[in-house]
Amino acid sequence: MKPLHILTWLVGALVTIFAIGGLHWGLAQIGWISFFDWSFYFEVSAAGLLQGVMYSLVALGFVLIFKASGIFNFAQGSLVLFAALTMVGLMELFERDFGIRLHWVLAFILTVGVMVLVAIAIERLVLRPLVNQPPIILFMATIGIFYFVDGFGQALWGSDVKVLDIGMPIASAVSPLGVRMNVYDLIAAGVGAALVAGLGVFFQYTRIGRALRAVADDHQAALSVGIPLKTIWTIVWSVAGVVALVAGIMWGGKAGVQFSLALIALKALPVLILGGFTSIPGAIVGGLIIGYGEQVAENFIGLEIGGAIQDWFAYVLALVFLLFRPQGLFGERIIERV
Amino acid sequence: MGQERMGMGAAAALGAPALLSVNNIEVIYDHVILVLKGVSLEIPQGGIVALLGANGAGKTTTLKAISNLLRAERGDVTKGSITLAGERVQHLTPNDLVRKGVIQVMEGRHCFEHLTVEENLLTGAYTRSEGAAAIQQDLEMVYEYFPRLKVRRNSQAGYTSGGEQQMTAIGRALMSRPKVVLLDEPSMGLAPQLVEQIFEIVKTINEQQGVSILLAEQNTNVALRYAKYGYILESGRVVMDGPADALRQNEDVKEFYLGLSATGRKSYREVKHYKRRKRWLA
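Protein sequences appear in the order of chains A and B. So that you can map any letter, position 225 of the first sequence is 225 in our numbering, and since no number is skipped, the others follow by simple counting. Positions in the second sequence are counted from 1; adding 1000 to them yields our numbering.
Isolated chain B, as found in the complex (with noise of 0.2 Å):
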């Protein structure tokens, strides 16, 4: 089922336009460094996509390369191109990006920890000009998704428990009204129930005000089961892409991502290297 759907790219799989779209990007660190290899992906209108990948592979690279935050680490584009709604954004301060709607929500949270809750939130907005009205409104919407930070909203945030301050950074990024936002790796060191109830908000958001969403994970379970449509990285290359429940239903997903075979659970040390070679980089 869906298998004759794998490889032609998210938006078409989804049947909506591409919001944002990266094609073909190769990135490099430090003039030398080549970590990404020519990455092609696209986030459809509304669609929640997912960057999956182990250690390494490249998501977070990625993400940083359409917020643009990869300047400030010496990265840059080489080559290829990053568009939104159709518009060239390479050349984009991170600062005019989130203005024109993609924001990230950076990996291990990266709350402002001296700053309370609410104040973390304010930042967000930080990029707006519609008044205090306006931005007083979004607050209570983002209060009203995730009602824990209503009740901490005077707390520092750095006293906040890792649950919260995934909510804070999301809610942040949802208070400057984003188009797309970045998701990296929300799941990291949450427990399994907190992760479950954090993708259930970002669902609700995604459903409710129309925010695309890209998501990179290394948990695939989760993330293909919430996620529309998936983009496998490795080594800096997309090595598989398709909808999440055909994803879901590949043999070598299920095999090297899910933890499962045809045969039962395997482990890792009976899998012969050529073999994930050959499927893989082929």
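Extracted from the complex, chain A is given alone in its bound form (with noise of 0.2 Å):
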């Protein structure tokens, strides 16, 4: 990605969010819906799409996945569960035990240490017996590990809702332009933004990440160049369990660790779809749309037709997406040549 190929997504993306504002405007104007202020729609739009910054976050996870191994790994929820559930459990056992105050960059680095080897048993008992086996095999064993982590987790660490306190603000405010934004929405997508150059750079200008993409690409010539595929397949999982952890601080932090924070893996497969399955920036983009796009259609064409709109309106679009451009937005283009 060129400077000015973000600068014309950026100018287009504004542009869209002015469009599409203007267009319930002028639902507003005909009548076709009841409500419509434009400082609203603004405070609307921010919270939509700093939302959609979090969906991004579960996403990546599976793009990480998908990328090197072709494998759609359902497990990512589970693991989201399961990395913000063992960074509390293991800062209320050192205070409980140990009489000790865990400060959460410990812990987090704890939990990091946890996630690899969580990355290595998978690779270990599940991947490298299944090597060679059609995709869906694959898919139905990443089945088997959401439902084994999700469940191990809470045996593990119990199952009862939990607080994350990292010492983020929860519930303040701030007013950039004159449009109101949670300042932990701004935290996290910072976060998000700094995880997502970080792997960016990882990815495009290291001796790993061009080993991941030779992976991704075709691992058997990556095989036979000499590039270990136990090994890659062990850090690809790890990134992800990285980022699943990150994902489950944010997610954690705001709604509390508890069960149903394995389900908003069904929140990132449309963003999948919209972004594509390969694509980092993809997941990003893709985030952004399905956060935005739920939160407008909720509050202003929701309110006319009773609400609700957002538990679905991202799979809709979704199907949209499937219809005109199955590879997502950022999808690679397979290349074919005749």
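No wet-lab data here; the hints were simulated from the structure. Any given hint could turn out to be false.
[Claimed, not checked] Derived lysine-lysine pairs resembling BS3-like cross-links, with alpha carbons at most 30 Å apart: (1) 1150(B) - 1179(B); (2) 1228(B) - 1254(B); (3) 1150(B) - 1079(B); (4) 1179(B) - 1203(B); (5) 1254(B) - 230(A); (6) 1037(B) - 1179(B); (7) 230(A) - 1079(B); (8) 230(A) - 1179(B); (9) 1228(B) - 1037(B).
[As the list claims (entries may be wrong)] Chain B stretches covered by chain A per the calculated footprint, using a threshold of three residues with CB under 8 Å from any CB of chain A: (10) 1020-1034; (11) 1064-1077; (12) 1148-1154.
[Stated by the list, open to error] Here are some chain B residues pointing at chain A (derived, C-beta under 10 Å): (13) 1111; (14) 1112; (15) 1113; (16) 1125; (17) 1126; (18) 1137; (19) 1158; (20) 1173; (21) 1175; (22) 1176; (23) 1249; (24) 1250.
Quick reminder that beta carbons are idealized off the backbone N, C-alpha and C, glycines included.
Reassemble the complex: the two chains are provided individually, in unrelated frames, and hints are given to aid placement.
Below, the structure written as structure tokens:
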């Protein structure tokens, strides 16, 4: 992605937001929707976009694993839950048994270690024996991993709702340019952006990153030049585990760490369809569109038809995309030469 | 000429020690399908050896047995041994083998389509740990052999031509600083002129870098011109081997692999099947 590219997208996004606002304004003028207010619209948009970053964080984990191994990892949601549970659990454990208040940074580092162990275990116990099996088998295996990790995490750390306190403001708001935004959401968006930038650099410019992309393209050829698939898979699952941890912290810090965290994976699905399964920028843009789209639909159109659009709006959007652009916005074009 | 040297093995015929030798290996896929039924061959230090044969004769399987890519396809070497400079290498992973200097250039090129040509070349240096300077130097070396790749260095490999992809694949293998390169069907799908050009470069690399090459080819004519020794595979067995010039003179090779014979060009329709059986499988 060149700077010019990003600029074009930013301008395009702004224009689109204004255009959709204008559309709603028009609808309000002719009386199809009962209420429209520009400043409220911008607030809703901002909230939606910030929410979207959170979706992107979850989708990112899927993209990483799909890119490197062609596996649709259904278990990503449970990894989010497991990571967040482990982090809170570790903090509680230290406080209860040793009387130490573990700083969240330390807890984070410990949890990263745990996620790496989980990645190694998954590679050893599930992926390695199933290598060369058709994708559907691996997909089924990840469903198995989902339920196992889900249950195991709760058996280990308990199933009550936990509070994850990393000292972030939950309720305060700021109003740059007159648009009220939640500080927590802003910080989460910042963290998400930093994570994506970091991953982008890692993939593009490091030896391991290059090897990861090589494996994603043609794992036989990667094997033939001496890239060890097992190591690469372990790295990818570890990175996906860390991404899950960050997503878990952001979601868990906001709504508490609880079972429903595992289900946000389902919200990541339409994001992936929109953005493309193989693209990191796609996961971001897809998340933003879904977050923004569902908030705006809920607050303006939902009012007219009795609400609750939010839950299914994303899927309708995804369906439309499937019909017209099955590889997603940024999905890798399948290179075909004649 | 050369007939007396037939069947004595590449190392003895060329007077160089065998760097890699395959001794009577048997390969079974999926635990049941017997593909190689006792193949033996030698790659002498610094030599080019051709492995010839028709479709399905077992050329690719032999190469993959050596590079150990077989296991990823549920194939297994069940009998015999493969040694590199006297050391058994069958149990090594492809990664370890590349570190030891044995690398395969797969049939059909298998470039990383979404990586640029230069990134493709750099993936070949994955196993190396000498630092960026040495790798950069080798990159320049590859560009010297394949100037075309330097021009296309920033193009996505998926969008380059077949010849450029073949060059990328060979260059990528060179980046690992190999001792033995297993080249699988480099002429596949390329124009004759390009084939000639690529073989010329391979020969130069062989001479200048001292890289030994095992060349699996269906294009017998070209392969025997560049190789010094040849093995002919049929249905998973080596049915004939000898120095390239001797093979080229051999009546049966002429007839069945080069499409020539004493009576001029001949159609396969007229070849009596029993004759071929008797000659090759007796």
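| message | For each hint given before, does the structure comply? Return the numbers of the non-compliant ones in rising order. | response | Violated: hints 3, 5, 10, 12, 18, 23, 24.
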